[in-house]
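Keeping their order, the protein sequence lines are chains A and B. Mapped onto numbering that gives the first Met the number 0, the consecutive letters of the first sequence carry residue numbers 0 to 306. Mapped onto numbering that gives the first Met the number 0, the consecutive letters of the second sequence carry residue numbers 0 to 345.
Think of the hints as simulated: they come from the structure by calculation, not from any bench. The beta-carbon is built from N, C-alpha and C at its ideal position, and this holds for glycine as well. Careful, some of the hints might be misleading.
Among the chain B residues that face chain A by a calculated CB cut under 8 Å, a handful are [said to hold, decoys possible]:
id, residue
1, Asp37
2, Ser143
3, Gly171
4, Pro274
5, Arg295
Away from chain B, derived, C-beta distances all over 10 Å, residues of chain A [unchecked claim]:
id, residue
6, Thr11
7, Asp16
8, Gly106
Taking lysine-lysine pairs in the DSS-like style, the calculated list, with each CA pair at most 30 Å apart, reads [to be verified]:
id, chain 1, residue 1, chain 2, residue 2
9, A, Lys152, B, Lys281
10, B, Lys327, A, Lys138
11, B, Lys281, A, Lys13
12, B, Lys147, A, Lys127
13, A, Lys85, A, Lys152
14, B, Lys327, A, Lys219
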Amino acid sequence: MSIEVISAINLTKKFGDFVAVDHINFTIGAGEVVGYLGPNGSGKTTTIRMLLGLLRPTDGQATVLGFDVVRQPEEIKQRSGYMSQKFALYPDLTVAENLAFYGGVYGIRERAQLDGIVDLVGLRGLEKERVSALSTGWKQRLALGTAIVHRPKLLFLDEPTSGVDPTARRAFWDLIYELVGQGVTALVTTHYMDEAEYCGRVGIMRDGKLLAMDTPSSLKETALPGIAWDVRVESVALLDALAALERCLGMLRTGLAGDHLRAITSADTRVETLGGALEAAGITVATIERVEPTLEDVFLALAAKRG
Amino acid sequence: MNLIEATHLHKSYGNTHAVDDVSITVAAGEIYGLVGPDGAGKTTTLRLLCGALKPSGALRPDRDGPRIHVAGFDMLKQTEPARARIGYLAQRFALYEDLTVLENLRFFAEVRGLPDEAWRPRCLEILQFVGLADFINRRAGQLSGGMKQKLGLAAALVHRPSVLLLDEPTTGVDPVTRQDFWQLIIRLASPIPLTPIPYPIEGDRGQGIGDVGASEGKGTGGVAVLVSTPYMDEAARCRRVGFMRDGKILVEGTPETLRARLDGRIVELRGQPLPVLRDIAKADPDVEDAQMFGDRIHLRVRTDTTQAVVARLGERVPANGGQVTLLKQVEPSLEDVFISLLENGS
């Protein structure tokens with residue numbers, strides 16, 4: 000049994016009548032990488048702010064690294080790192096100066112420790128570069144460097160690789176895995192399924208509620224409330240087919256997926272039902288195929304408001 | 000009908016070739032995805048196509064010079080009519096935060112030369128199409144990120160372009176909005192006029208957004224869309240995809256043909272502990288690449304070695320204290336293709 004790094008019990012935050020976070024419960028063990036997915040306003044950031052001790056919960060409780068978020072927020076802050084998608088870097092300062100600045104904030108002045116960070120995030124040789132001259136990928140590494148300058152045991156990452164290509168993303172995640180290998184635990188909030196796939200477990204939030212939290216593979220296998228289908232029709236009939244499927248019995252959601260349609264139906268829907276609905280609308284069907292759902296299918300089915 | 004036909008595009012800044020002999024065609028109703036790392040030349044290519052940048056001449060006098068045709072017009076010689084056929088959504092676009100949604104759109108309509116009597120019905124029609132009809136009096140500064148993006152798209156569509164250029168349109172937008180945004184893009188590229196026109200316009204020949212056939216007077220077909228993106232799940236929604244690096248399009252094709260390049264060479268490995276499994280896999284002579292994800296590892300193996308690798312790992316992992324829960328060949332993803340291309344080319 001791994002050590003609990005985060006434990007939230009009925010954690011709740013209200014702003015007036017608005018319930019931003021609504022009685023959520025979860026635990027995260029040491030060395031886990033957990034993703035937190037949700038649309039804007041679903042309560043992700045409010046949750047993180049409560050866990051960091053920046054915001055007082057209205058109800059429920061949480062411990063982080065064994066400290067209570069209400070009574071011992073300073074202990075938590077000293078042991079946690081936070082990297083925002085909007086990197087708080089000084090563009091006119093060099094890489095080394097940015098690290099030295101953040102080191103100073105945490106009272107770290109030893110040259111060796113700052114040097115260690117430069118090597119860890121792979122910025123050796125770029126210490127004297129101004130931040131404004133760095134590519135997004137390098138800035139991301141430096142932002143990570145400033146977040147771990149005090150060698151925290153827990154790392155909060157807010158959309159760490161938004162806007163970069165797969166090669167830069169995987170290089171960044173290899174760094175995160177290296178930190179995790181050294182005993183760090185990471186909680187990652189993100190909009191991107193590509194990013195969520197790198198997490199060992201993924202939680203999905205909507206309207207302040209935690210709807211599911213499991214491995215990406217298990218979410219795909221079990222969290223979709225129905226069946227995923229790929230429907231191919233002749234291209235001129237694509238929009239008509241979309242309209243016909245939207246009216247079809249058992250349809251949970253359907254959408255255009257490039258040159259074909261993706262449909263999520265209730266679990267008891269049969270291929271004949273879909274085919275029949277399309278043929279009744281005068282549409283020639285090429286293929287209707289049952290497919291493995293993607294993490295996005297699961298997310299949209301759970302997180303998108305229906306109606 | 001090809002609505003974008005560009006050949007031998009170059010753009011050099013001193014000795015840096017931002018775009019290096021790129022040729023690209025996009026047909027009516029086609030969505031073409033331009034994917035590539037930071038600095039590959041995607042944005043410069045889009046700026047050349049929309050006439051915001053002038054291409055550099057041929058690198059050597061014996062080579063063909065650049066040629067850009069948009070909906071039949073030569074961008075380099077008939078710049079104004081060519082530009083009039085293009086809608087362009089830049090990565091960072093300017094909205095007037097103090098103006099309302101409708102006032103913003105009116106501004107773009109007037110810039111595009113829409114006559115006084117035409118702008119209002121046109122703007123209302125487009126706002127309905129992008130789903131902002133209920134927010135016409137809201138100030139742009141009060142819109143959510145996703146709504147701003149939709150207003151940006153509306154501004155790019157206000158003159159009913161037959162060619163749409165989108166530069167990373169969904170970066171920073173939440174997944175529900177991204178899904179909505181893509182539904183709009185695919186609708187625009189679809190051959191059927193999108194929405195009945197609620198406000199008929201005098202002298203406007205009555206075509207809807209995306210009904211290019213009518214506006215160009217021949218055939219039917221949707222808008223030609225060229226979209227740049229760093230996201231593979233977005234690339235997968237495109238009819239064709241071009242991988243760009245160092246100013247060149249390395250390879251292009253449908254998502255299916257691109258994935259077929261790695262058919263039979265991707266193996267999924269699940270078990271415990273993942274770092275140990277990855278290190279064992281990396282040590283295998285037939286494994287070219289091992290990428291760790293949250294709860295699994297993707298291996299790229301040499302051609303025709305899948306069975307051998309599966310057999311070997313099935314023995315080696317338990318022998319080294321690991322545990323395998325799943326080990327099988329899987330379909331390659333576009334991300335697998337992207338990474339193998341970038342590695343092999345460098």
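Structure-based check of each hint:
Hint on Asp37(B) holds. Least Cβ distance to chain A is approximately 5 Å, under the 8 Å limit. At a threshold of 8 Å, the smallest CB-CB gap from Ser143(B) to chain A is about 6 Å, leaving the interface hint in force. Here the hint on Gly171(B) is kept, as its CB sits about 6 Å from the closest CB of chain A, short of 8 Å. Interface restraint check: Pro274(B) against chain A, minimum CB-CB distance 6 Å, threshold 8 Å, status holds.
Annotation: Arg295(B) was flagged as interfacial toward chain A, and the flag holds, the nearest CB pair being 7 Å apart, inside 8 Å. No beta-carbon of chain B comes within 10 Å of the beta-carbon of Thr11(A); the shortest separation is about 23 Å. The beta carbon of Asp16(A) sits about 21 Å from the closest Cβ of chain B, which is more than 10 Å, so the claim that it is off the interface holds. Distance to chain B confirms Gly106(A) as a non-interface residue, since its nearest Cβ pair spans about 32 Å, more than 10 Å.
With a C-alpha separation of about 28 Å, the suggested pair Lys152(A) and Lys281(B) falls inside the 30 Å cut-off, and the hint holds. Proposed proximity of Lys327(B) and Lys138(A) is contradicted: the alpha carbons are some 37 Å apart, above 30 Å. Of the supplied pair hints, the one linking Lys281(B) and Lys13(A) is violated, its CA atoms being roughly 49 Å apart against a limit of 30 Å. Annotation: proposed proximity of Lys147(B) to Lys127(A) is violated, straight-line Cα distance about 38 Å (limit 30 Å).
Annotation: proposed proximity of Lys85(A) to Lys152(A) holds, straight-line Cα distance about 22 Å (limit 30 Å). Taking the CA atoms of Lys327(B) and Lys219(A), the gap is about 17 Å. The hint holds against a cut of 30 Å.
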